[in-house]
Amino acid sequence: MTDTRHVSIVMIEDDEGHARLIERNIRRAGIMNEIRHFADGGSALNYLHNDENGPARNGPALVLLDLNLPDMSGTDILADIKSSDRLRRTPVVVLTTTDDKVEIQRCYDLGCNVYITKPVNYESFADAIRQLGLFLSVIQVPDVEGGA
Amino acid sequence: MAKLSERTAGALVLGAVVVGFVLILAIGLIGVAVMQRNLAYTDQVAHTYEVQNAINDFRLLNERMETARRGYLLSPEPNFARVFEETSLQLPGALARIGQLTRDNPAEQARVARAQALVRDEVAAARVSVANRLASAANFAEDEVVQDIRAIRQLAHEMAEDEAKKLAHRDTERRKAIRQLTGVIAVAGIVTFVVAVGSLWIIWRYTRDLADSHEALGRLNASLEEEVSSRTAELSRANEEIQRFAYIVSHDLRSPLVNVMGFTSELEAAARPLAALIEKADAEAPGLVSPDARAAVMTDLPESLGFIRASTQKMDRLIGAILRLSREGRRVLTPEPIELAKLFETVVATLKHVADDRGAEIVLAPGLPSLVSDRLALEQIFSNLIENALKYLKPGRPGRIEVHAHRRGERIIVEIADNGRGVDPKDHARIFDLFRRSGAQDQPGEGIGLAHVRALGYRLGATVTVDSALDAGATFRVSLPMTLSPEAAAA
Chain A
1 MTDTRHVSIV MIEDDEGHAR LIERNIRRAG IMNEIRHFAD GGSALNYLHN DENGPARNGP
61 ALVLLDLNLP DMSGTDILAD IKSSDRLRRT PVVVLTTTDD KVEIQRCYDL GCNVYITKPV
121 NYESFADAIR QLGLFLSVIQ VPDVEGGA
Chain B
149 MAKLSERTAG ALVLGAVVVG FVLILAIGLI GVAVMQRNLA YTDQVAHTYE VQNAINDFRL
209 LNERMETARR GYLLSPEPNF ARVFEETSLQ LPGALARIGQ LTRDNPAEQA RVARAQALVR
269 DEVAAARVSV ANRLASAANF AEDEVVQDIR AIRQLAHEMA EDEAKKLAHR DTERRKAIRQ
329 LTGVIAVAGI VTFVVAVGSL WIIWRYTRDL ADSHEALGRL NASLEEEVSS RTAELSRANE
389 EIQRFAYIVS HDLRSPLVNV MGFTSELEAA ARPLAALIEK ADAEAPGLVS PDARAAVMTD
449 LPESLGFIRA STQKMDRLIG AILRLSREGR RVLTPEPIEL AKLFETVVAT LKHVADDRGA
509 EIVLAPGLPS LVSDRLALEQ IFSNLIENAL KYLKPGRPGR IEVHAHRRGE RIIVEIADNG
569 RGVDPKDHAR IFDLFRRSGA QDQPGEGIGL AHVRALGYRL GATVTVDSAL DAGATFRVSL
629 PMTLSPEAAA A
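Line by line, the protein sequences give chains A and B.
The opening residue of the first sequence carries number 1 in this note's numbering; numbering runs sequentially from there.
The opening residue of the second sequence carries number 149 in this note's numbering; numbering runs sequentially from there.
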């Protein structure tokens with residue numbers, strides 16, 4: 001059984017408010033894993049690929065990805081992760097405001113594991129995040145060394 | 149060479165044809181006149197010949213009579229006597245014939261009269277000389293008969309001269325008439341030729357111009373089609389851009405709205421322990437909490453949060469409406485044969501409970517036509533219109549909504565008429581605008597329905613209009629094409 005505390009959550013979200021709300025609700029769901037927040041795609045990719053503690057070098061991780069980022073499209077980050085040998089097994093949860101069918105399909109085609117639309121209604125939003133937290137507490141995240 | 153306008157060419161051809169026909173008619177008339185003159189001259193010439201013949205006959209008889217007389221005087225043979233008798237009897241007749249023939253010629257008449265006198269003398273004298281067989285026969289030179297004969301010869305000669313002159317004159321006239329006729333025919337030929345060539349030339353030029361303009365029209369048509377299709381492409385591109393814009397804007401507006409609503413909820417959640425704290429403080433240490441602080445936590449804070457929540461919810465609904473409209477605008481239409489009667493039955497069935505609640509009845513006119521269009525879009529249009537009719541009834545008047553449809557040319561006109569509170573005529577244009585409403589705001593709604601109906605209608609090639617007055621009900625009229633072409637559906 002994988003120790004969930006070792007799985008770090010990489011949150012790529014440009015909106016500070018959304019990031020805060022997501023983090024609060026994950027915590028409320030009882031998930032105490034480390035959450036690393038990146039507000040832009042460039043620094044997030046840098047962390048994923050090159051950081052000493054990043055998922056490519058060390059330690060399992062789960063990516064929470066927003067599609068609307070200032071410097072690049074979330075789908076580009078998704079494509080990058082899923083085309084990297086060391087990162088492609090890392091689960092990616094797309095969490096975004098876009099509910100366009102075409103966009104959703106594209107994300108799944110690129111290998112996204114879960115696609116969640118952020119509801120504007122806060123109760124639903126909080127619910128969704130908490131359920132995501134519950135989901136995170138039970139999913140198995142592959143170990144990089146073990147997988148590679 | 150300047151192009152002939154259709155009007156000018158027509159006028160020219162008509163003018164040429166008229167001129168041609170007038171000329172040919174004139175030439176024909178002139179020809180007939182000349183011919184008649186010619187005929188008259190010919191008659192006159194024939195007459196002159198006749199007169200000449202008569203004169204010759206007379207001269208001959210005269211000479212024969214004298215010869216017979218002289219023969220008899222020289223040798224009294226019965227044969228000579230007989231010939232003399234005959235000729236002396238015929239001579240006045242021959243002269244009378246000349247007189248008859250030249251009745252219109254006074255000079256000849258005078259001569260004939262003189263000749264008649266002479267002939268009478270001569271014949272009488274001759275008879276006497278024959279009867280007596282006078283020795284005077286030897287002296288012809290003084291013979292009275294011979295004197296007469298000389299005079300008669302002279303007269304006959306004059307007559308013949310006169311007739312010959314006339315003949316020559318008439319012959320000249322006749323020749324002149326024939327020359328004129330030939331001239332007229334030649335001129336007619338030339339004129340006809342010129343008119344024919346001119347008309348042919350004009351017709352040829354006009355036909356060529358017509359062919360040219362036909363070609364030009366064809367080219368123009370082709371370029372027009374190109375123009376239209378490029379404009380259509382531009383329009384649909386612009387439309388796509390607007391749809392995309394609406395979509396992006398509404399999405400990007402949603403993102404901050406998530407924060408507003410999220411943190412409002414967080415504030416509400418935070419206010420709850422605060423309220424509990426105040427209650428606890430009031431219970432345990434009355435007077436500790438100032439009235440201001442209590443009011444702020446217990447009333448102001450919840451009220452403010454309530455307004456923020458209500459406003460953000462409304463904003464969410466509006467953004468949702470724009471999103472729905474932009475999504476509807478991007479939906480691919482699929483034209484299919486639709487029976488309006490069945491479609492309305494479906495729509496009415498889904499609205500039945502609303503109608504029952506409001507005590508309104510919906511009546512479908514019999515014989516609703518069929519058409520080819522997009523089913524979903526039509527259902528949305530008609531259910532929106534009927535829903536509106538149910539929504540804005542006149543209180544105290546049982547609602548009645550009638551659906552009629554009829555065909556006009558290649559279009560189907562569907563009318564949805566109610567007896568509700570109606571729409572003020574000044575608002576007839578406004579109610580189709582997004583987020584705009586009319587009359588008392590006593591019904592829930594965002595002012596989206598009719599904007600949606602009109603946007604859908606445009607996509608189906610339909611127009612939606614309203615006919616209404618306050619308190620007098622409203623009739624919404626949807627004019628749909630009989631057949632929604634796949635190209636129009638794709639645009």
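What the hints contain is simulated information worked out from the structure, not anything from laboratory work.
Small disclaimer: the values here were computed from a predicted structure and weren't measured.
Just so it is clear, CB atoms sit at the ideal spot from N, CA and C, and this is done for glycine as well.
Do not rely on the hints blindly, as some may be mistaken.
[Stated by the list, open to error] The following residues of chain B were derived to be distant from chain A, with all beta-carbon distances above 10 Å:
#	residue
1	Asp205
2	Pro226
3	Ala258
4	Arg327
5	Ile338
6	Tyr354
7	Arg402
8	Pro404
9	Glu414
10	Pro543
11	Thr611
[Said to hold, decoys possible] Cβ-Cβ distance ranges computed for the label pairs, FRET-style:
#	chain 1	residue 1	chain 2	residue 2	range
12	A	Glu123	B	Gly557	51 to 59 Å
13	B	Gly557	A	Ile116	51 to 59 Å
14	B	Glu389	A	Glu103	14 to 22 Å
15	B	Thr613	A	Gly30	53 to 61 Å
[To be verified] Subject to a maximum C-alpha distance of 25 Å in a straight line, what follows is the list of computed SDA-like cross-link-like pairs (lysine to any residue):
#	chain 1	residue 1	chain 2	residue 2
16	B	Lys462	A	Leu87
17	A	Lys101	B	Val397
18	A	Lys101	B	Ser403
19	A	Lys101	B	Pro573
20	A	Lys101	B	Ile390
21	A	Lys101	B	Ala441
22	A	Lys101	B	Leu401
23	B	Lys539	B	Pro573
24	B	Lys462	A	Pro119
Hint-by-hint comparison with the structure:
In this structure Asp205/B is separated from chain A by more than 10 Å, as the shortest Cβ-Cβ distance comes to about 129 Å. For Pro226/B, the shortest C-beta to C-beta distance to chain A comes to about 152 Å, beyond the 10 Å cut-off, and the non-interface label holds. With 10 Å as the threshold on Cβ separation, the claim that Ala258/B sits away from chain A holds: the shortest Cβ distance comes to roughly 131 Å. Interface exclusion of Arg327/B from chain A stands, the closest Cβ pair being 100 Å apart, more than 10 Å.
The beta carbon of Ile338/B is kept farther than 10 Å from every beta carbon of chain A, the shortest such distance being approximately 84 Å. Every Cβ of chain A is farther than 10 Å from the Cβ of Tyr354/B; the closest lies at roughly 61 Å, confirming the non-interface assignment. A Cβ of chain A approaches the Cβ of Arg402/B within 10 Å, the least distance being about 5 Å, so the stated non-interface status is violated. Distance check on Pro404/B: its Cβ comes as close as 8 Å (rounded) to a Cβ of chain A, failing to clear the 10 Å threshold; non-interface status is violated.
Not every C-beta of chain A lies more than 10 Å from that of Glu414/B, the closest at about 7 Å, which undercuts listing it as non-interface. No beta-carbon of chain A is positioned within 10 Å of the beta-carbon of Pro543/B; the least distance is around 34 Å. No beta-carbon of chain A comes within 10 Å of the beta-carbon of Thr611/B; the shortest separation is about 31 Å. The hint said 51 to 59 Å for the Cβ distance between Glu123/A and Gly557/B, and at roughly 54 Å that hint holds.
Take Gly557/B and Ile116/A: their Cβ atoms lie about 52 Å apart, and the range 51 to 59 Å holds. Evaluation of the 14 to 22 Å hint for Glu389/B and Glu103/A yields a pass: the beta carbon distance comes to about 18 Å. As the Cβ distance of Thr613/B to Gly30/A is approximately 60 Å, the hint placing it in 53 to 61 Å holds. Among the hinted pairs, Lys462/B with Leu87/A is inconsistent with the structure: their alpha-carbon atoms are about 42 Å apart, more than 25 Å.
For the hint pairing Lys101/A with Val397/B, the CA-to-CA distance comes to about 17 Å; that is within 25 Å, so the pair holds. The hinted pair formed by Lys101/A and Ser403/B meets the criterion: a straight-line CA distance of about 18 Å does not exceed 25 Å. Proposed proximity of Lys101/A and Pro573/B is contradicted: the alpha carbons are some 41 Å apart, above 25 Å. Restraint check for Lys101/A and Ile390/B: the C-alpha separation of about 19 Å stays at or below 25 Å, so the hint holds.
For the hint linking Lys101/A to Ala441/B, the alpha-carbon distance of about 49 Å lies beyond 25 Å, and the restraint is violated. Under the criterion of a C-alpha separation no larger than 25 Å, the hint pairing Lys101/A with Leu401/B is consistent with the structure, at around 19 Å. Of the pairs offered as hints, the one joining Lys539/B and Pro573/B holds, with about 19 Å between alpha carbons and a cut-off of 25 Å not exceeded. Distance restraint check for Lys462/B and Pro119/A: the Cα-Cα separation of roughly 15 Å lies within the 25 Å cut-off, and the hinted pair is therefore satisfied.
In terms of the numbered hints stated before, the structure departs from hints 7, 8, 9, 16, 19, 21, listed from lowest to highest.
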